[in-house]
Structure formats: structure tokens, C-alpha cells
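Sequences listed follow chains A and B, in order. If you're matching positions, the first sequence starts at 142 in this note's numbering and goes up one per residue. If you're matching positions, the second sequence starts at 541 in this note's numbering and goes up one per residue.
Watch out, some of these pointers could steer you wrong.
[Claimed, not checked] Below, simulated DSS-like cross-link-like pairs (lysine-lysine); rule was C-alpha separation at most 30 Å, straight line:
no.	chain 1	residue 1	chain 2	residue 2
1	A	219	B	596
2	A	165	B	610
3	A	209	B	640
4	B	596	B	610
These aren't lab readings, by the way, just hints derived from the structure by calculation. Predicted model only: the values in this text are computed from it and were never measured.
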Amino acid sequence: DAGVIQSPRHEVTEMGQEVTLRCKPISGHDYLFWYRQTMMRGLELLIYFNNNVPIDDSGMPEDRFSAKMPNASFSTLKIQPSEPRDSAVYFCASSEADTQYFGPGTRLTVL
Amino acid sequence: SQQGEEDPQALSIQEGENATMNCSYKTSINNLQWYRQNSGRGLVHLILIRSNEREKHSGRLRVTLDTSKKSSSLLITASRAADTASYFCATTRLNFGNEKLTFGTGTRLTIIP
């Protein structure tokens, strides 16, 4: 298996623009997680899904953030409109039990 | 707030020495895991210890868990340059299921060749 796949790996955008991050989990995993990592706040769980259904979105910062999982092999995290404070590395992870498998991350820079 | 706090925040040792990192957490747990993150990469799972276990080994890794003190330690023996990375503990809360992890702040380990 190729592992968790994320795209793009790097994204530079201007404030106010819409940003869409994409994730393909490991086949057969029924949980999918979105995290954000910054120096100041560390690794934060934003939202997670079970069998494509959002279970806990309490970590989503505000209404500018939204996440979807239309099927078992694809999820998106969207920021609209983006702000400079959204600059971070965003990770997607998937799991079928206790252990989570992380993707390589998307480094987002909002100018 | 973060469930786990790692100590120390940063550690530098000579290659071949042993490295010990500690993690403290606040609430009762189902299990505790350690992950490694190399610079610019995603986290990689290293080892899991359940709340009814006290010690676990995997290769050069040794993890201990003291639920009475709400703490865990990760020992890496005979360190190598490739062990240079950040190490995070992560916990699942008792009665909250095993899928949601809360990560600590991490220890940045540097192995000096």
C-alpha cells in the first residue's frame, strides 16, 4: 500500500483565497483524521470521520474551515477565506484500530 | 489543552548513548502511544502500551507506563544518528474509545555523531 497520500505537498496563497487540501487514506481504514501542526500550538486534531461520517469537529477553528469525506477513499479540508494565521502544516491520518498512519502533510503558507 | 507534556523539550546526546524521554498526562487513559516525526515528515507510530501494562519493548525501544503517576517514559538504547527526530506521546482517554488521540508537545532529540 502507498500509505496515506496528501496533495498538494506545498501551497502558497494570498489572504482571502480558497484553499483545498486533499487526502487519500489507506485502503480499508475506517477512520480519517485531519490535524494542524504549528510551532506555537503543536499538533491539533481538527476533525475526524468514521466510515465517512464526521464524528468530532470540535477542533475546527471556525466556520472558515470545512471538511468532507464523500467516499472511503477521499477527503478534503477547505479553508475559505484563508488568513495568514492559517499558515501551518496540515496532516491527514487514517486508522483501522489504535494506531494512526500519517500522510506527509501539506505545508500551507498564506501571505 | 494538550493531554500530554513531554520532558525534556529538547535533548542532545552522543551517538551510542541512551536517550530517555518522559511524558505526563492528565486524565485516565486506555492506552499510550509514542510517535516519531522526522523533520518535514508525518508522524510514524513506534509503540503502544495499554493501561494494564507496565513495560514494553520493541527493538531498541523500551516504554514504561506508571498510571498512578500518569506518566510514561521512552528509552532509546544505543542511539544512532538516524534517531534524530521529534518524539511525541499520544493518549486515548478512558471510556472515550481508542480512535481519538491527544498528542503531547514533543521532545526534540538530536544525536551527535
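Quick rundown of the hints versus the structure:
With a C-alpha separation of about 40 Å, the suggested pairing of residue 219/A with residue 596/B is violated against the 30 Å cut-off. Restraint check for residue 165/A and residue 610/B: the C-alpha separation of about 35 Å exceeds 30 Å, so the hint is violated. As the CA atoms of residue 209/A and residue 640/B are separated by approximately 18 Å, the hinted pair is consistent with the 30 Å bound. Straight-line distance between C-alpha atoms of residue 596/B and residue 610/B comes to about 16 Å, which keeps the hinted pair within the 30 Å bound.
The structure fails to meet hints 1 and 2 from the earlier list, while all remaining hints are met.
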